[in-house]
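A.B. asks: Residue numbers (my numbering), protein chains in the order written: chain A, 1 to 238; chain B, 1 to 238; chain C, 1 to 238; chain D, 1 to 238; chain E, 1 to 238; chain F, 1 to 238.
In short, the hints are calculated from the structure, not lab data.
Keep in mind that a hint or two might mislead.
Pairs involving identical chains hold if they fit within one copy or between any two copies, as the list cannot separate such chains.
Stated by the list, open to error - No more than 27 Å apart at the CA atoms, straight line, and that leaves these computed lysine-lysine pairs for DSSO-like:
#1 Lys168 - Lys106
#2 Lys80 - Lys106
#3 Lys56 - Lys106
#4 Lys106 - Lys223
#5 Lys151 - Lys22
#6 Lys22 - Lys80
#7 Lys80 - Lys56
#8 Lys223 - Lys31
#9 Lys31 - Lys168
#10 Lys56 - Lys168
Protein chains: 6
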Amino acid sequence: MRPSGRALDQMRAVTLEPGACKYAEGSCLVKFGDTHVLCSASVEDRVPPFMRNSGKGWVTAEYGMLPRSTHTRTDREAAKGKQSGRTQEIQRLIGRSLRAITQTGKMGEITIKIDCDVLQADGGTRTAAITGSYVALYQAFQHLKRLNMIKEIPLSDSVAAISCGIYKGQPVLDLDYPEDSDCDADANFVLTGMGGIVEVQGTAEGAPFSQAQLSELLALANKGIGELAVLQRQALGL
Amino acid sequence: MRPSGRALDQMRAVTLEPGACKYAEGSCLVKFGDTHVLCSASVEDRVPPFMRNSGKGWVTAEYGMLPRSTHTRTDREAAKGKQSGRTQEIQRLIGRSLRAITQTGKMGEITIKIDCDVLQADGGTRTAAITGSYVALYQAFQHLKRLNMIKEIPLSDSVAAISCGIYKGQPVLDLDYPEDSDCDADANFVLTGMGGIVEVQGTAEGAPFSQAQLSELLALANKGIGELAVLQRQALGL
Amino acid sequence: MRPSGRALDQMRAVTLEPGACKYAEGSCLVKFGDTHVLCSASVEDRVPPFMRNSGKGWVTAEYGMLPRSTHTRTDREAAKGKQSGRTQEIQRLIGRSLRAITQTGKMGEITIKIDCDVLQADGGTRTAAITGSYVALYQAFQHLKRLNMIKEIPLSDSVAAISCGIYKGQPVLDLDYPEDSDCDADANFVLTGMGGIVEVQGTAEGAPFSQAQLSELLALANKGIGELAVLQRQALGL
Amino acid sequence: MRPSGRALDQMRAVTLEPGACKYAEGSCLVKFGDTHVLCSASVEDRVPPFMRNSGKGWVTAEYGMLPRSTHTRTDREAAKGKQSGRTQEIQRLIGRSLRAITQTGKMGEITIKIDCDVLQADGGTRTAAITGSYVALYQAFQHLKRLNMIKEIPLSDSVAAISCGIYKGQPVLDLDYPEDSDCDADANFVLTGMGGIVEVQGTAEGAPFSQAQLSELLALANKGIGELAVLQRQALGL
Amino acid sequence: MRPSGRALDQMRAVTLEPGACKYAEGSCLVKFGDTHVLCSASVEDRVPPFMRNSGKGWVTAEYGMLPRSTHTRTDREAAKGKQSGRTQEIQRLIGRSLRAITQTGKMGEITIKIDCDVLQADGGTRTAAITGSYVALYQAFQHLKRLNMIKEIPLSDSVAAISCGIYKGQPVLDLDYPEDSDCDADANFVLTGMGGIVEVQGTAEGAPFSQAQLSELLALANKGIGELAVLQRQALGL
Amino acid sequence: MRPSGRALDQMRAVTLEPGACKYAEGSCLVKFGDTHVLCSASVEDRVPPFMRNSGKGWVTAEYGMLPRSTHTRTDREAAKGKQSGRTQEIQRLIGRSLRAITQTGKMGEITIKIDCDVLQADGGTRTAAITGSYVALYQAFQHLKRLNMIKEIPLSDSVAAISCGIYKGQPVLDLDYPEDSDCDADANFVLTGMGGIVEVQGTAEGAPFSQAQLSELLALANKGIGELAVLQRQALGL
């Protein structure tokens, strides 16, 4: 029933390639099928003004799409002179998701800036970005540990994200672009490796959905996040 | 236990004052306790470029806060020259929420622009804004019906919104600012009068929350939305 | 002869509601008939760079209109990304008017930021804003005095503003929007309680006006400002 | 008493050099002492959207200062990415002043855009700009008449501007920069050749000024405008 | 002598991977050693306003760097709200270079927009971008030919670019980042496959260079461009 | 053959008027025929952040055109809110050209800011700007020497610039606007008084040009720069 022929609870082929950026302290090229996002983690030796002298660090994220990552060309945000509302929403979501599992009190007064750049987009770029950013962030902390700047990796859990939706009346896992453009409801779940909820964002695209459907979507998300957590550990050699 | 002395499932005093703007086609001054939002609906005789010749109308929203609506002054966005990411997120949410119950195919090729301006902020401005905007939108459609521009009110249901959260370990309804600043998790629910979910946005502020907690928050939201739907009908004289 | 039926030298009903903003150090909701402006005064514990170490304080103002304060909707300046020339002119005028009666050397190195937000506009928003801002500013100084941060209210006089114009060949006091859109000349006067001129801004909308007419407008302004000064004292309980 | 040694009612040496721009349809290099402003008038074959199909033309103005026209360098507005409030106020004033004497119904649906660029600034740049712009505008209309695009020069009168002020307690004519920085009150008058008032803008810099003083400043302005009107006629060979 | 151990006239390993973007009409991932640039060509069915009704097409380019393509993170231009002067210079250069070999009169009134996004930067990003863009552009024309929108590929020659410089007193070919940061002079050459000069941009970084040195750099460039032209033909299967 | 009747290797009449700005520390009004550029040099008592504590000074430039310096009016960059790519390219070129001959280590930690404002444009504005800026910069250093802030003029050579081009198949010196709009190739040369190359920027406007043609253009440039260097010395009284 799905355009891709996948089972209802089947994710796309997911790969995580850590170290994809030669210069970054941490990085990961994440692919959810034809959605490809390059995530890098850059360490900066200061925190934003509102965090100064707090003894805590900060993790933040920026997101962008290459103009021709999409089926038809999207205008370049740098040329338009501002980031869209969608871009800002996504980068705020990525930052919050990573901070939810980061023990900022144990990382020193530094900032880790995550850049998520979409090289190719086929639906689910924000969930792929969160999943890959976790790997990049972990690598950056490994780098700081090697330099003896921190004693242990200041992460309380792993974090990953997946989208689910009601497509042609059926709950399905990991929407691709054709499904995303034509679904009745769409929900992004950001969960920890241990199953805690970090973010839920569900939206009715057509008619409102029921509370039972929300539960079904969450069950699918649990399955997907379980698979992503395994791949994250493998990518990091844990 | 709550700073305001409210019961866990008790909302603040809510009032809806329709027709609060002398010139707008529809309007409502909504108060959730000390949170006051002025909502207006303006009819424009055209649709955005991507909707032209679709035979459909459009509903969109803008959101702003008066600089001194907040406990300490917030910089004016017009003076800074751009809207914050938070503002954009909120106004996109308001627009999606209203479109979810609007039969855009039955309103003609017009745009209704909702303006939500926060006069005073004590938590929950976005949920108050959605709740009041529904009243303003309804009034604007009544205005168009009086002018014989539409035959019937093109709304499939009512819509309202409420925030819930885990505060000091307990699920509570309708967070005010002191609770919002100090809660473990925060979820905004946008539901229709008939209980369908239009949007769910849950965020762990500290530790991740469980799936059982999400259900408890949703149950509280159902109660709150039920009360808001009654107030909306009363305000509109339905 | 006037659309409102007022006498030539009759002002609209004016009310001043001090303390209209729950959180601000000083505030006033001012109404000149259907023109409603919410004025707040926020105290900030620093001065702009060009005033540092001068031993003096600073008073400045910002102005904005809610998009649907006007008969037809006006674009939101925050969404357009800049303040119009008109907005900047008005906020500069408000700031100068208040500084003219403020003894900045007696207030300490603090800034008082006045926000004037037009909730409803029916002509004369800038004059209403100046009149209400004086009350908000006074309240903010009372607040500082209660905190023993200043010994006395550092204001040398009161200040208020009124517009006059040549409408259908007659000098009239306090133009409303229908008169403002159709007058031959329009002059805004900012006067102190003791009758000193702080600002005069007269503009011929159609044909130039004569020096005798300027004198007639000034005489009307004296009458109006006298009435406003009484209302200001009453509002402040002086 | 004046730093320049001038009599109280003596203007600086004023020169008007018409045709100073090789390419413009009209132009004038105006000098009020050390204040030098290059004014050009450009004819454009269309009107702004709000004037379309009105059968009327439009006159508008832009103003700028070269960064080193001032005693110490002023930041370039193009580099800062926006025009200051002061710049916008001045260019709006120039535009209004010229439109007050232009019979826009007799010029066809064209726009004349006036550019006033300050090459050197020693006080009074806006008044010099208005005085020189009139000459540039007149020349542009002469150009259109030579092309038979208009039958007669559509100007009902001439217009010029001068600043006056209370300097060390005395009313003086045509303030230069040292006087302007140190005066008690400052008023700009835009008058027609026949003595009608187009704009009055008076501001108390220190203490408020009296209504009698306003009259004295206006009397000085009349004298100055009379002299400027003669120079304008000479420059245009009328 | 060179940090990389290359001979003075030896280029880095260059690869051109056509079709690297799934959705674009033409694309190429170009690598000059550790400098990696993703070039895509997007066909748009219209031309800029200044080309309308000319019967000619248009080719233009945009350039960007991923924030962590560089050794230390570079701020994201979309977040800063503007493109730097360097970015604008480079994208203008790429556009001119491609137009120099495009027969715009034979392509119809369409625009081909080239996007060059630097994934990794080790010097010479603009020359790699031009070299790869030619391949992307050629592919886009092949695509149009397959659709019978054009009869033949409207390119009069191939084009490629290379940088040369005076490094430690010696003329060297294809500067990498360590050389670029420490050279005496730097020249970028854009040449056609037949050896014609499209652009020369030479800059003395330290002391001025001589006219003899310019000739030596040009000779090196000829060698490099010859090699690049072979690789371009191979990549396109010509 | 040239529209102006000049010989192929004949420059336009060039004049350099030092001290053209009353307030600037150095200045020069440079004319290349009908191209007039006002160059000023402003001394600022600080360096940009990236130069702090380096013991070195900085020289930088800004460039602008008056809106009606051109044959038809060009939009004002300050009104558009940004500088064009062309403007940025030119001001970066002027800055680099001047720094190439400035011994920044001998000028102290100050900045000299060059402003080049085009009063009238007939081709070659950037080359005139560089040529005049050298004179303004030299004057500013003379000013600093008179104040004993520097011991000697920290310039290693003079610098000037000229454009050459292939016009109707012939290499010509110093293109004016009619030639520039219609030439096959255009090259700007920035050379020192002793003949060293500081910058070469050659662009094929139509067909690519040959390496022999580049040499011919360089030969012409040598002749032109020789003449300019003489005029620069005369202007400075050296």
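A.B. asks: Mind listing which of the numbered hints don't hold for this structure, in increasing order?
C.D. replies: 2 and 4
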